[in-house]
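Go by the hints and put chain W onto chain R.
Residue numbers (the numbering used here), protein chains in the order written: chain R, 69 to 178; chain W, 56 to 235.
Hints may be right or wrong, so weigh each one.
[Said to hold, decoys possible] Reference listing, derived: stretches of chain R covered by chain W, where coverage requires no fewer than 3 residues with Cβ under 8 Å from a Cβ of chain W:
hint : stretch
1    : 82-96
2    : 142-156
3    : 164-175
Treat the hints as calculated values from the structure; they're not laboratory data.
C-beta atoms are modelled at their ideal positions from N, C-alpha and C, and glycine is treated no differently.
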Amino acid sequence: MRKASHARSRPLFLKEAQARARREGIDVKQALDGDRERLRSASYPGPDCLDPEEIVQLLGAAEPSATVEARLGHVEDCEDCATLLLACEPGTGSLERLIASVRERSGLAR
Amino acid sequence: MSEGAMDLEQALERLAESPADEAAWTVLHRSLWPFVFAVAYRELRGAARAAEDVAQETFLRLVRSAPFDRLEDPADLRAYAGTVARNLARDTARREARQPQTVAEPGRAPEPLGPLGPQLPEGALELARKLLDPQELALLDLVMGGDDLRRVAASLGVRYGTAAVRIHRLRNKLRKLLVT
Numbered sequence: 069m070r071k072a073s074h075a076r077s078r079p080l081f082l083k084e085a086q087a088r089a090r091r092e093g094i095d096v097k098q099a100l101d102g103d104r105e106r107l108r109s110a111s112y113p114g115p116d117c118l119d120p121e122e123i124v125q126l127l128g129a130a131e132p133s134a135t136v137e138a139r140l141g142h143v144e145d146c147e148d149c150a151t152l153l154l155a156c157e158p159g160t161g162s163l164e165r166l167i168a169s170v171r172e173r174s175g176l177a178r
Numbered sequence: 056m057s058e059g060a061m062d063l064e065q066a067l068e069r070l071a072e073s074p075a076d077e078a079a080w081t082v083l084h085r086s087l088w089p090f091v092f093a094v095a096y097r098e099l100r101g102a103a104r105a106a107e108d109v110a111q112e113t114f115l116r117l118v119r120s121a122p123f124d125r126l127e128d129p130a131d132l133r134a135y136a137g138t139v140a141r142n143l144a145r146d147t148a149r150r151e152a153r154q155p156q157t158v159a160e161p162g163r164a165p166e167p168l169g170p171l172g173p174q175l176p177e178g179a180l181e182l183a184r185k186l187l188d189p190q191e192l193a194l195l196d197l198v199m200g201g202d203d204l205r206r207v208a209a210s211l212g213v214r215y216g217t218a219a220v221r222i223h224r225l226r227n228k229l230r231k232l233l234v235t
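For reference, chain R alone in the conformation it holds in the complex:
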């Protein structure tokens, strides 16, 4: 009786972690650690994070504007957006792979 009452009182996240630990052959602490990490990483994207349209605007902005500056202000505070801003520029490697694929498709592969 006491055992059943205890089982009912366990929080859902703990029940889920215990079930997953059994399924995956890990201990409950490892399952809970995994959950905690997933929750932390779920903070991106947040409501203020740059969306794809804004990225295009920021890269194409010829002159600083109040809007651009405000968005860059967010980038200073957000490491994920900072990474995005620098990582999204097209590189030569991806262009080379694209052109190789175009040549292959058109039978011009060298």
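Positioned in the frame of chain R, the structure of chain W alone reads:
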């Protein structure tokens, strides 16, 4: 027409005529990559390397499908490419959920980036050096030295995001200076 003078609309016209037009593909890549990458990055919650793979695959699918006879408007093409990228990213995320470690860095710090320096045509670096002020020049030397963003930030004594914004401004300035 050179790649530099061609805009995305003209590139699409040329690809509708000739899907093997490499100059037009180069313009399309330059114009569309940031958007496609950003869609994938957002969908994959900041996994930059996986987002790059998704962006690359999106372009390869564009090569295979060559939808340029029915997507003449750049906005339509962008929407199409965004949908392809989103679907591919969701597939990647689902695969990752089934078989972790291929993509995820849960709770991770942002991944180290590839080269931070601006990608300049040959000879342009020397020209760029003459056009920058001393602070910008110091930053250029730092990013061309191959350090990752965290180390650049540490060298400058600023936060990660602040270093990223400074590099972004430098890249934009160089693009503008070297085009005009």
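Evaluation of the provided hints:
1. 82-96: Contact hint for the stretch 82-96 of chain R vs chain W: violated, 0 residues under 8 Å.
2. 142-156: Coverage by chain W holds here, the residue count being 14 at a Cβ distance below 8 Å.
3. 164-175: It holds: at least three residues are needed, and the stretch 164-175 of chain R offers 8 whose Cβ sits within less than 8 Å of chain W.
In the structure shown, a violation is registered for the earlier hint numbered 1 alone.
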